[in-house]
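Number of protein chains: 6
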Amino acid sequence: MRLLFLNPNTSTSLTDRMASAVRPYLAPTTELVPATAARGFPYISSRAEADVSASIVLEMIAEHEGDVDAVVVAAFGDPGLYSARELYDIPIVGVAEAAILTACAVGDRFGIVTFSQVMSTWYLDSVSRARLDARFTGVRVPSQPAPPSGIDTVQETLGDQLVELVDTAVTTDKADVVIIGGAPLAGFAATVEDRVAVPVIDPVVAGVLYAEMLVRLGLSAPLKGAYARPPAKPSIGLPPALARRIGGPIDRLS
Amino acid sequence: MRLLFLNPNTSTSLTDRMASAVRPYLAPTTELVPATAARGFPYISSRAEADVSASIVLEMIAEHEGDVDAVVVAAFGDPGLYSARELYDIPIVGVAEAAILTACAVGDRFGIVTFSQVMSTWYLDSVSRARLDARFTGVRVPSQPAPPSGIDTVQETLGDQLVELVDTAVTTDKADVVIIGGAPLAGFAATVEDRVAVPVIDPVVAGVLYAEMLVRLGLSAPLKGAYARPPAKPSIGLPPALARRIGGPIDRLS
Amino acid sequence: MRLLFLNPNTSTSLTDRMASAVRPYLAPTTELVPATAARGFPYISSRAEADVSASIVLEMIAEHEGDVDAVVVAAFGDPGLYSARELYDIPIVGVAEAAILTACAVGDRFGIVTFSQVMSTWYLDSVSRARLDARFTGVRVPSQPAPPSGIDTVQETLGDQLVELVDTAVTTDKADVVIIGGAPLAGFAATVEDRVAVPVIDPVVAGVLYAEMLVRLGLSAPLKGAYARPPAKPSIGLPPALARRIGGPIDRLS
Amino acid sequence: MRLLFLNPNTSTSLTDRMASAVRPYLAPTTELVPATAARGFPYISSRAEADVSASIVLEMIAEHEGDVDAVVVAAFGDPGLYSARELYDIPIVGVAEAAILTACAVGDRFGIVTFSQVMSTWYLDSVSRARLDARFTGVRVPSQPAPPSGIDTVQETLGDQLVELVDTAVTTDKADVVIIGGAPLAGFAATVEDRVAVPVIDPVVAGVLYAEMLVRLGLSAPLKGAYARPPAKPSIGLPPALARRIGGPIDRLS
Amino acid sequence: MRLLFLNPNTSTSLTDRMASAVRPYLAPTTELVPATAARGFPYISSRAEADVSASIVLEMIAEHEGDVDAVVVAAFGDPGLYSARELYDIPIVGVAEAAILTACAVGDRFGIVTFSQVMSTWYLDSVSRARLDARFTGVRVPSQPAPPSGIDTVQETLGDQLVELVDTAVTTDKADVVIIGGAPLAGFAATVEDRVAVPVIDPVVAGVLYAEMLVRLGLSAPLKGAYARPPAKPSIGLPPALARRIGGPIDRLS
Amino acid sequence: MRLLFLNPNTSTSLTDRMASAVRPYLAPTTELVPATAARGFPYISSRAEADVSASIVLEMIAEHEGDVDAVVVAAFGDPGLYSARELYDIPIVGVAEAAILTACAVGDRFGIVTFSQVMSTWYLDSVSRARLDARFTGVRVPSQPAPPSGIDTVQETLGDQLVELVDTAVTTDKADVVIIGGAPLAGFAATVEDRVAVPVIDPVVAGVLYAEMLVRLGLSAPLKGAYARPPAKPSIGLPPALARRIGGPIDRLS
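Chains Z, L, Y, S, C and U, in that order, are what the protein sequence lines are.
According to numbering that gives the first Met the number 0, the residues represented by the first sequence are 0 to 253, in order.
According to numbering that gives the first Met the number 0, the residues represented by the second sequence are 0 to 253, in order.
According to numbering that gives the first Met the number 0, the residues represented by the third sequence are 0 to 253, in order.
According to numbering that gives the first Met the number 0, the residues represented by the fourth sequence are 0 to 253, in order.
According to numbering that gives the first Met the number 0, the residues represented by the fifth sequence are 0 to 253, in order.
According to numbering that gives the first Met the number 0, the residues represented by the sixth sequence are 0 to 253, in order.
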């Protein structure tokens, strides 16, 4: 099976970091197909940046359609997730959604720990869209922001604070399981599991495992309901692959 | 006051129809500044199209920033609404949100009537994001879809069915007030109020009146919270006005 | 347009204070018609007082019916709001509801800051009745109550504390926008917007602007649903104007 | 124990009917003290009438305070319930609330059957205020309204229809238990239990039993929280007993 | 009336303590029939222990069926409550549910204070199953656990801490009424009511009073809905009385 | 990896049917370890039967502990799920929960289709415990019950009706994805995917794939929170393996 591991950020170092974090978990027959956004932002961290990147996600999938068995959108916040499900017949996984749904099979309540306050709102949206607010204990972030140059080194510079925040999420917020959010923290969960009192979930790992599961489950594409393909629609000024996908014949039914 | 009346669709006839529908309601000192998307879709009707159009909305506002006092995003579903609020300091109004919040001051429960099943999911998202599901009685659409060529004539061809659906929303679904959704139906509510038993809300009218209200209320832009401006961020391949807005100096604080 | 600006409290100094606070925001063609309760309490601050005052609100509207285009019930907590909508065909606005619905177009989550613990429960009711608990971050009040003689001077004596509480609502409770509740605080929001980090809403101002918006929207009165006029009903011992309104012919249908 | 059995309607025949319905259920040592409103409406059936009657309820309790051990507000919809709890130290029971809380110990989901559409909204408020919407299957009313002169004979004229509606509530709406709402239906539940497939609850019976239970439980009056007595407050134009209660010394603390 | 007062724990000292706590509240004609589990745990304090004990509850009721008028399951958490309602035609009361439903007639929001963190999750389940999370302010437990040998003396060793926690529940969590959870705390509420500012509910007392109320209400057993008796079912290896109850003829319908 | 595929029913033919349904989906290195309950019911179909079976599930896991890497509780309704998570350190998967969480990554709203009304309540509990009611469109069952002897042939006798019910779930209830509930329907989903318009999920398949995913994810066992192992507890009369598990030393911490 081939998984499009789609980084909607333009930073290839993030793609590499995330791909390294997930590879040890893949089934032997799974091939990871990493892709980095050619336009957009080095690191999405607001709703506006996510909204802009949603189109980019749709374009990137269009470019790989037919060549992969599923897609993992590897940015916490899952830009373009529902739209991609509408347009494409293969499983589309968002790492935030996958982490949340995995957490719900592990504990009653889950918390999120991440490294920057800026992204909190964007993260809350993921929980609300999943309608799981009742099981959510909140986001915890370090009181001091990461050094501005420091996305690449945030695991080192903020590591101890993050471990403490997991404990706060458990002790104060009553989380049973904690999701470690944010692409720069890919791989961090595995390194700290001995230092924390509850399971910690790495969204990118949850994402690829969820994608493998859905591919093996082999569900049909919907012909009705919220994710049935919308009728073909002409467009102006869209990237060609995406314009074709939206405007072309709907072969799903043939 | 100048209101950017932003049609995220590329159809100028829709812009004209909507602008005509709202003009009679404007205060004498309000100037409507209609704008039609230069790229995108003739008529957005799915989540994917809305996601693509969200970027376009952000770009269009960037082009008019400094020249208008508020923005009305004139497409039910409000593409880019929350992101625009994050990026811009003037009031940003979505016509779906404005219609919903207006309905909540008129009845306990509101329904939506529109002309096409395809858009239902997109509409439901607006209600859920507002967290008002508990006051929502559902979407009602004609059992027969509009003729494919017929967006421009849908008020005539489906008018009687839509009036009946308002009655169904009231009698069966227990709505106290009904929102008439969809840009091609702009102006329709005013023409049928004598034929229906409850108030009917035209979202574009609610939108411009909400925008006027917010401009006159004169609230400050937030420096903290979900809509505080995110830190400046470099980008690749974005339209210049938007790239500048996202990447430029944050003058709000100065 | 003529707005009945109805103060359900018996204190004319509160009426004056609130009227002064809203006048700068009114459209040039709007005439404010202030009215002060002839019986009831100097300043409503509990559920029981509000319940008693609900009848008084209904009576006061009955006395002005036919002479005004809309009503603003100018007491946070909105006594008699839903009942008034049932009995009268013109728009009825409650300042709490208007503030809440306005806040929802400005931020994801709103908080309330006020000057007295006693009213908290009454305020929570307004949020719950609007079904917006999921977007509410709570009420914040000064730890020290206002001096008993001090309703008229509460803006001065508690001003600094209230500004701090807005910051607590934002920083601790995660509010994106804050409503300043309580008639004695009318006008306070406008004086502190430079000292706080988020938009602050003055309910009486939101109330009159909401009323203007609804008048201009020009919705029909409902003939069905929760706010359809109930059948005429005889009564014993009610104030004459109200008895007539409840017991008289239902001219809405004629 | 003495229970004030307070009918907020002015109809003594309703008081008699309800008192007859509950007497067989009372403990031997319980004395029922029926009271009929001296002013107000023959039969409350709208929110506005309930709002007017809330004051009347507060007054009636003031007149009996010190002479009874608990109060049962015997009108479905519970006018003045929360306010009365705030003002008085003895248990205050509303028959709608008591019926709902009793139903929740009998089935997962409860429905309401009553005889008139007009009261539906008022009934829904009782469920929402209890925050039990998730367990509520809705109100069912006869498609034909009761004959206008027929409140007193509604059990006979609509009896068969009401039995059928209980079945609809069970079979279609999935109710496990049904509340028979409306004072004119007092005593009806007991007469039809052999004709229906689920338990049927008579709110006035549930009300008096709840009141007995609370008296025997003997809880203290609250000194803090939502029902702590508000500070004494002067008033203008209120009935003397109520004015004294609200404005007098707060002896609860002494 | 005879009430089976069923202690699912194997500790007879707990049964005695709880029976002593409730006896002063019983009606003169009520006979308490205490029963202690013959197998299971000395004191249930986790979900797993509760799950194991649910079967035991069902067995114990089977042994007393026909001999009692109602059952009170006297362990906070109510093991087997819903199942017992399904199998038996007499009222089945759980002390947690009864305490919660009683609290809802006394305050807007209720909290729980108990003596051990271990049981918190199990307690939360009771609130969630009642669908009353919106009125729940949380569980408060002493920061120091009870001495391991100390279940029998927990009222003495932790009493002062528990009184402080009631105050925290009121002041910090905004509870209007507090439930004192846990069998070893039976009788504690009555001893501290003068030291706390809000009503405190003893679940076993609420349980027996609720059971008396339901017996006197005399509702029929359901023939449809969630608690209709399931069809007879053969079984292997169950205690004989329970196997008979589940597998025997369904005489309820005869 | 070895998965304990635990059938809490005593019917080995059901175990075989379910094992056959899931085997084609397993990873090559996964070994299925089927186990059938030695006591209990041929086929659990009520809450009471599920409550009795919860203990049996805990016992069966105790007997296999140390010998398997994860457990799949293969009865829709997930008896003992949360308790098992509390007692055991390996992943415990319930097929209902797994199906629900999988459905949430495929559609906005999910429905359930099954073959018998009796189990509906039990199924609803699974959705409520997951707190996903807002995404649930309800249970659909054939209007005619299965022939009493017919559990083994229900796929044949009711197949066409079930396909129609999937369509009803989609068209009327607005489900985007449908779960086919009930052990006798294992394998049915795969046979009808060409006859239905939305993805259909087989809970036992979702269950084993979820278990594989969780094993590969390799989360640590919790030391705090809702699923931390409770302190060792003595017991009377429990099956030896379970008594040891509950009462033995807590080696998880060593």
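There's no promise every hint is true.
It does not matter which identical chain is used: a pair holds within one copy or between any two.
Heads up, simulated EDC-like pairs for lysine to aspartate or glutamate below, C-alpha to C-alpha not over 20 Å straight-line [to be verified]: (1) 232 with 163; (2) 223 with 166; (3) 232 with 193; (4) 232 with 62; (5) 223 with 193; (6) 232 with 64; (7) 232 with 88; (8) 223 with 155; (9) 223 with 30.
Hints listed in this document are in silico derivations from the structure and should not be mistaken for laboratory results.
For each hint, the structure was consulted:
no.	hint	result
1	232 with 163	neither (51 Å within a copy, 29 Å between copies)
2	223 with 166	between (44 Å within a copy, 10 Å between copies)
3	232 with 193	neither (52 Å within a copy, 27 Å between copies)
4	232 with 62	within (18 Å within a copy, 26 Å between copies)
5	223 with 193	between (46 Å within a copy, 13 Å between copies)
6	232 with 64	within (18 Å within a copy, 30 Å between copies)
7	232 with 88	within (17 Å within a copy, 34 Å between copies)
8	223 with 155	neither (48 Å within a copy, 26 Å between copies)
9	223 with 30	neither (31 Å within a copy, 37 Å between copies)
Checked against the numbered hints given earlier, this structure breaks hints 1, 3, 8, 9; the rest are met.
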